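Start counting the sequence shown at 1; every next residue gets the next number (full-length UniProt numbering).
Hints were generated in silico from the structure; no laboratory data involved. Predicted, not measured: the structure shown is a model, and the values here were computed from it. C-beta atoms are modelled at their ideal positions from N, C-alpha and C, and glycine is treated no differently. Any given hint could turn out to be false.
For each label pair, taking beta carbons as the anchor points, the in silico distance ranges come out as [as the list claims (entries may be wrong)]: (1) Glu568 - Gln513: 25 to 35 Å; (2) Lys608 - Asn213: 28 to 38 Å; (3) Lys490 - Lys608: 33 to 43 Å; (4) Lys115 - Cys657: 49 to 59 Å; (5) Glu574 - Glu665: 34 to 44 Å.
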Amino acid sequence: MAKNLVIVESPAKAKTIGKFLGRNYTVKASVGHVRDLPKSKLGVDVENDFEPYYINIRGKGPVINELKKEAKKAEKVFLATDPDREGEAISWHLAHILKLEETSNCRIEFNEITKEAIKKAIKNPREIDEKVVDAQQARRVLDRLLGYKISPLLWQKIRKGLSAGRVQSVATKIICDREREINKFEPEEYWSIDVISKIEDKEVEFKFYGKSNKKIDLKNKEQVDAILNEIANKDLTIENIEVKERRKSGPRPFTTSALQQEAANKLGFSTKKTMIVAQQLYEGIDIKGQGTAGLISYIRTDSYRISDEALGKGKDYILENLGENYYKGFENKSKKGKKVQDAHEAIRPTGIDRTPELIKESLSDEQYKLYNLIWTRFVSSLMKDAIYESYNVKAKVGDYIFKTTGHKLKFDGFLKVYTFSNKEDKLIPKIEEGMEVTMDNIIPKQHFTQPPARYTEASLVKTLEELGIGRPSTYAPTIGTILAREYVEKKGTSLHLTELGLLVNEIMEENFQKFIDLDFTADMENKLDSVEEGDIPWKAVVREVYKPLEEAIEIAQEKIEKITIEQETDEICEKCGNNMVIKYGRFGKFLACKNYPECKTTKPLLNKTGVKCPKCKEGEIIIRKSKKGRIFYGCDKYPECDFISWNKPTGEICEKCGEHLVHKETKKEKKIICSNKECDYEKKSKIS
């Protein structure tokens, strides 16, 4: 008896779905895309109205042959690729390769990989949506034209291996703009005056507010000294105590960008790691005693919407396990201005009864952390507000006003589950209006305004989303590309613009300003949505972009001169005695003799820290990278000295145990600790 064939993208997904469908179905994986534009040439026939030229991807021959063989003997073929533009395009290419009828109901889609969802999808196949495919073709052709037309220019004028792109160049520009803000920033002086008073054996901190109910900004020491003279040796009088009830609402369930941001901020995950682990949870995990199942719904979405079925199960869970007083309900609202991706749901657990703790043994540490984040976020989105009792206390010294605040949690609401956003009570002792309070300590302090913070992966994703640039599936690969191209480098959690990134951005701004304009890029996303809605043909969008691009490239070809990126160093060439310069090669930076081509001496560029090796006492600590790109510290005398450390050595010795000290940076603070895990010595770090 002929079996039905179901084709998905990944082997992990195939394995999970195969367990649901039984013996009458064969489930195979295409292992991603099977056809694409060729890598070796443009692959778009500009003269023939931008007709794309697709070829079978090199190396996919065995996979394609197996799929053809299985399709030939199958009674029915179902294309079960992801429920988005890219997934629809993969199904379209598969249909072409397997010679399936264009109008056949061969396409199935599902938002989660559960037995119920898969069986429901099998019963409701549909035709491939050509409009969705066209939107993806427009994106692919636009990206190819911009990338393959501009990138060779960067190769000619700077060096090989560089690239430009519709989204990556905008992301680089955003980081560059922030760097300019930081460089232009001029700090301004300001002061604060804090008063510490002991009330009922508890210290209470009052902060200076102003004079006669008018707020005053303290700009200089003279202004502060005048106030200190007037309030010296006086007491604070409690003038007013305002008690209010404040509510804090639970967060909405996760969209892709919100998940990437929260996982970065709360778990320290990169966007790439978040998407890899989320994909594992989506495709299926073998749960002890339960079998294999996808634990979360589809992970690439702009939507906050939740299905009625999932909402019902969420309600039942809260009522049964937390109580009626915790259930609030959920109102499905579309994200303003979003059309296409709102067809999906938000990211949620597929089975609310599979609590993180219940299945913890079946998950890796990273899978557990991310699943816990997603599960608690979904449950908390259905729960009532947290209620705080807040206190605003106003005190006076003469005409000068000082204020303090406090708060106490009265009802935990959603915080019972979503502890990631909990804040501790700030209690103040019993204070009454008219009470005289001694000022035990008056602390004037000078401050300076700080420049804007550099982007982190999380804040860059947030900015891209707010500006309407890219889509959920593009954020992680975009950040990965600009890091791989060395336009940006990661220091701690911050993204720092490199000299190369600045140079490439300057070329793009001077010659291709239109194509990295934020409004242009965001408008392009809207046009792609319009293609998907069937409002405009996809080639019309490409035509509109190509003509000005062609003109800009022609002008830039003549205008841009060859640029050499060389930075002279103090390193001396061992062969000819000339200084060595930093050059960029295929595998990153290296040192080369300034006297090239007469002298062809090269050697690796060691990123020195200026700290002596604490082990051999002769070598110097250098910054190195692991195979996975993680920074660590080692001795430049390797392999003679095998010292390594994940934390940067300070060059100091611990006064308690004699081991070397290292810098330790957490999400909350930077400190210096002892490298000896059994020693508890630590002090505040001064590293920036």
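Tested hints:
no.	hint	in the structure
1	Glu568 - Gln513: 25 to 35 Å	holds, 32 Å
2	Lys608 - Asn213: 28 to 38 Å	violated, 57 Å
3	Lys490 - Lys608: 33 to 43 Å	violated, 19 Å
4	Lys115 - Cys657: 49 to 59 Å	holds, 57 Å
5	Glu574 - Glu665: 34 to 44 Å	holds, 37 Å
Violated hints, listed in ascending order, are 2 and 3; each of the other numbered hints is respected by the structure.
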